[in-house]
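**Student:** Chain residues, written in single-letter form:
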Amino acid sequence: MIEVAGLTRRFTDKLAVDDLTFRVEPGQVTGLLGPNGAGKSTTMRMIVGLDRPTAGAARIDGEDFRTCSTPMATLGALLDPTAVHRGRTGRTHLRALAASNGIRDQHVDRVLEMTGMTDAAHHRISTYSLGMQQRIGIAAALLGEPRNLILDEPVNGLDPDGVHWVRQLVRHLASTGCTVLISSHLMSEMSLTADRVIVIGRGRLIRDGSVADIISSATRSSVFVRSLRPAELAIALREIGGEVDTDADGSLVVRGLTSDAIGDRAFAHGIPVHELVPRTGSLEDAFLELTADAQEYPSEAGAGGVER
Amino acid sequence: MTATTRDSGVTPARVLRSEAIKLAGLRSTWWLLGAAVIAPVLVTLVWASTQSGTVDTESVMATATPSSFATVILLVLVGVLIATADAENHAMIQTFAVVPRRSVVVAAKLALAFVIGIVIAILTTFVTFGLADLLLGGGLGVWTPDVLRALAEIAFFETCAAVIALSAALIVRSTIAAVGVVFGFFYIVPIIFAFVPLDAVNVIGKTIPGAGSTVFYSLTPVPGDLDPTVALITMVLWTAAWVIAAGVVVRHRDV
Numbered sequence: 001m002i003e004v005a006g007l008t009r010r011f012t013d014k015l016a017v018d019d020l021t022f023r024v025e026p027g028q029v030t031g032l033l034g035p036n037g038a039g040k041s042t043t044m045r046m047i048v049g050l051d052r053p054t055a056g057a058a059r060i061d062g063e064d065f066r067t068c069s070t071p072m073a074t075l076g077a078l079l080d081p082t083a084v085h086r087g088r089t090g091r092t093h094l095r096a097l098a099a100s101n102g103i104r105d106q107h108v109d110r111v112l113e114m115t116g117m118t119d120a121a122h123h124r125i126s127t128y129s130l131g132m133q134q135r136i137g138i139a140a141a142l143l144g145e146p147r148n149l150i151l152d153e154p155v156n157g158l159d160p161d162g163v164h165w166v167r168q169l170v171r172h173l174a175s176t177g178c179t180v181l182i183s184s185h186l187m188s189e190m191s192l193t194a195d196r197v198i199v200i201g202r203g204r205l206i207r208d209g210s211v212a213d214i215i216s217s218a219t220r221s222s223v224f225v226r227s228l229r230p231a232e233l234a235i236a237l238r239e240i241g242g243e244v245d246t247d248a249d250g251s252l253v254v255r256g257l258t259s260d261a262i263g264d265r266a267f268a269h270g271i272p273v274h275e276l277v278p279r280t281g282s283l284e285d286a287f288l289e290l291t292a293d294a295q296e297y298p299s300e301a302g303a304g305g306v307e308r
Numbered sequence: 001m002t003a004t005t006r007d008s009g010v011t012p013a014r015v016l017r018s019e020a021i022k023l024a025g026l027r028s029t030w031w032l033l034g035a036a037v038i039a040p041v042l043v044t045l046v047w048a049s050t051q052s053g054t055v056d057t058e059s060v061m062a063t064a065t066p067s068s069f070a071t072v073i074l075l076v077l078v079g080v081l082i083a084t085a086d087a088e089n090h091a092m093i094q095t096f097a098v099v100p101r102r103s104v105v106v107a108a109k110l111a112l113a114f115v116i117g118i119v120i121a122i123l124t125t126f127v128t129f130g131l132a133d134l135l136l137g138g139g140l141g142v143w144t145p146d147v148l149r150a151l152a153e154i155a156f157f158e159t160c161a162a163v164i165a166l167s168a169a170l171i172v173r174s175t176i177a178a179v180g181v182v183f184g185f186f187y188i189v190p191i192i193f194a195f196v197p198l199d200a201v202n203v204i205g206k207t208i209p210g211a212g213s214t215v216f217y218s219l220t221p222v223p224g225d226l227d228p229t230v231a232l233i234t235m236v237l238w239t240a241a242w243v244i245a246a247g248v249v250v251r252h253r254d255v
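Chains A and B are the protein sequences, given in the same order.
Last residue of the first sequence: 308 in the numbering used here, with the numbers rising by one and none dropped.
Last residue of the second sequence: 255 in the numbering used here, with the numbers rising by one and none dropped.
FYI, nobody ran anything at the bench for these hints, they're computed from the structure.
Treat the hints with caution; some may be incorrect.
[Unchecked claim] Under the rule of at most 25 Å between Cα atoms (straight-line distance), these lysine to any residue pairs were calculated in the SDA-like manner:
1. Lys-206(B) with Gly-180(B)
2. Lys-14(A) with Asp-195(A)
3. Lys-14(A) with Arg-253(B)
4. Lys-206(B) with His-90(B)
5. Lys-14(A) with Arg-251(B)
6. Lys-14(A) with Gly-141(B)
7. Lys-14(A) with His-90(B)
8. Lys-14(A) with Val-181(B)
9. Lys-14(A) with Thr-67(A)
10. Lys-206(B) with Pro-221(B)
11. Lys-206(B) with Phe-193(B)
12. Lys-14(A) with Lys-206(B)
13. Lys-14(A) with Ser-69(A)
14. Lys-14(A) with Phe-114(B)
15. Lys-14(A) with Arg-207(A)
[What the hints assert, rightly or not] Partial pick of chain A residues on the chain B-facing surface, computed with a CB cut under 10 Å:
16. Gly-6
17. Arg-10
18. Lys-14
19. Gly-49
20. Thr-89
21. Ala-99
22. Ala-120
23. Ala-121
24. Arg-255
Beta carbons: idealized from backbone N, C-alpha and C, even for Gly.
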């Protein structure tokens, strides 16, 4: 279990993490979400003991990781896959990490096989792609078969097969009782991987809950309706409390009513309906809604296109 | 937890082995160690070829000891490499994520620098003296107790240079900066201190290892120089000061 209590980190001119308190439970995959500069990596680094908190504390299985005597069995961490000496081979890098905790070379070879890096293990890390470095970083985190796992952006640079593998891996580890804290900017991936998410912005906790609860509380579901008599249907739906918006093509977006209620109402008024599609909000919608006021580096509205 | 990790845990011996694997896994390590052994021999060969006149203990010593500067340079680079192989690309993140007790890592690196330093230093110091003796045709008569003491002191200075270089590199976390700091401390700071019109500062300047070690290279005392025993003690103190500074900085600084 990973516990963070009142964790605060002030750099010279900036409060990077501000009185953050949360708990990451075993047996679940917990996502740590936040915009760029929200303090996710600093929080993870403080949990691992790489950065000193200005105030507060982080504990792993009840103890300060900096005094842990069995670190690799307690916590596996992937914080920066490029933080390796590029002149060493992948296997030497892992052997050195394993040796520090008394883990045998045979286990290093097993983890290399598990991460699909056996063939590349004897090549220098300088020849690796970002995805391969990511796999070596994940291998390093798994070496001690840890009870807790912290992965910062683990799917960066991975191909679809690699992304799928990471998802399956963390889901499997959580099912065996491992505590998994994972950060990612890929909301669709996170919604498939995480059971629970912690959303932070400007170093502060914004929301902590299950993925379903976060989506339902931060977004509104709607029903898309297409009919040949949209004006009549809109009136009928408003009469029973529906909130109806009409699109330019005449289709309706209805909030406040279920698709069953809309279908029944249309049938009762003899209005044919050609399409009736319930729409629920996504984790990305919820994230954008929750962090709208906490963007450290906001993009210009409508600046999605590139000027040619 | 499986059998793989049931007995896992950090011990100083395991961290030392980890650091040794890291160092052995770099090609530059083997180039440096090879150069540290070969360069002093080559320097001695060149120096011996220029020698003429009477052959005695002093002349054999004068032929062998110029190679010590090559050993010092290469051992400083080895010491720096042990530290910066982790520091320059932030690989220290991984090191401290698996060994969060940073003092254990620092101690392992120091032990590695000391062991490599003392082995290379003793080997090269005694081999180059023997080579100079052989090339000048002096015979075994030059291996006096004074010579053995001087060679041991030179080897100790070279080892301290490796340890100080490691400590400096742990503090500055850059190869170029560490090399600059070490040689600046060894050879430039004593010159600056000599110009300060304060006796205490002048004396401190003489104890800095680069200046203090000069007494080890001469078999006869030079007036105004430090006593070799004082030079040894101050070298130990300077080395300890660098080690303590590195330990404190690494322990308290963000990675």
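**Student:** Hint compliance check: list the failing hint numbers for this structure, sorted ascending.
**Tutor:** Violated: hints 2, 4, 6, 8, 9, 12, 13, 14, 16, 17, 18, 22, 23 and 24.
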